[in-house]
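Asks: This is what each chain is made of:
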Amino acid sequence: DSGVTQTPKHLITATGQRVTLRCSPRSGDLSVYWYQQSLDQGLQFLIQYYNGEERAKGNILERFSAQQFPDLHSELNLSSLELGDSALYFCASSVGPTGWDTEAFFGQGTRLTVV
Amino acid sequence: GENVEQHPSTLSVQEGDSAVIKCTYSDSASNYFPWYKQELGKRPQLIIDIRSNVGEKKDQRIAVTLNKTAKHFSLHITETQPEDSAVYFCAARGGNKLTFGTGTQLKVEL
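Those protein sequence lines, which keep their order, are chains A and B.
Take any residue in the first sequence, note its place counting from 1, add 6, and you have its number in the numbering used here.
Take any residue in the second sequence, note its place counting from 1, add 34, and you have its number in the numbering used here.
It is worth saying that the hints were derived from the structure and are not from the lab.
One should not assume that every hint holds.
Unchecked claim - Simulated crosslink set (DMTMM-like; lysine to aspartate or glutamate; CA at most 25 Å straight-line):
#, chain 1, residue 1, chain 2, residue 2
1, A, 63, B, 118
2, B, 92, A, 109
3, A, 15, A, 88
4, B, 91, A, 109
5, B, 76, A, 59
6, A, 63, A, 88
7, B, 71, A, 7
8, A, 15, B, 83
9, B, 76, A, 7
10, A, 63, B, 49
11, A, 63, B, 117
12, B, 71, A, 68
13, B, 105, B, 117
14, A, 15, B, 73
15, B, 102, A, 109
16, B, 56, A, 109
17, B, 76, B, 61
18, B, 71, B, 36
19, B, 105, B, 49
20, B, 105, A, 81
21, B, 141, B, 61
22, B, 76, A, 109
23, B, 92, B, 49
24, A, 15, A, 68
25, B, 102, B, 36
Predicted model, so just to flag it, every value in this text is computed and none were measured.
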C-alpha cells in the first residue's frame, strides 16, 4: 500500500457526462500529480498541485480541471466526456514540489470507462 | 518542456539473461531519474532512482547508470526472472514536473 488513496476504483459513465475523481495523498506529502494512462500507452502528465496551488501543467484538455483543497486532497474533474477519455487515471504524491524531493508514490488508479 | 524517450518499446529475454532499457531526456536541468515497474492492472512502483550527482547505482539485480553529458540513463536487470515481466517506465524530473517515458514491455521467457 503506497498510502495514496484514489476513489472510485472503477467508473462507468456515458458520453457527455461529467465525473470527479478523488485523490488523498500520503500523510505529509504536499504535491499531487495527475496522470492519464490509456490502453497500451504510457503515463501522460496532466497537472500538478503543490500545497493548494497549481505548479505545473501538462497536456490537460480544457474539458478537464483539477484542484487541491486545504486538507491537501485533490479532485480531477472531467466534463463533456468522450469515448477517448476512457483510461486509467493515476494520482501520485510526493513531499515537495521540486529539486531533491523524494519519489512520487502512486495510487491504485481510477479506471474510467466512457460508453 | 522535458521530453523523455525510451527504447525499446518491447523486450523479450530468456530467463537468466540480462535486460537493458535506455532513456534519453532533453532538459539539461533535470536532476532526478526514477524507474518504475508496472504490473498489469496495477499502479507503477518505484524500483530504483538516481540523482544527477552520481553516475551509477545498484540494488541487487538492478542497476541504473546516468550520463549527464549525453543526457541518457539506462536500467540494467541481471539474471532476469519470470516475475520481472512487466512494463518499465523511466522518468526525469526537471523543475516541478516528473515526465515519463513511453514504457518498455519486458517479457522474461522460461
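Asks: Okay, which hints does this one fail, numbers in order?
Replies: 1, 5, 8, 10, 11, 12, 13, 17, 19, 20 and 21
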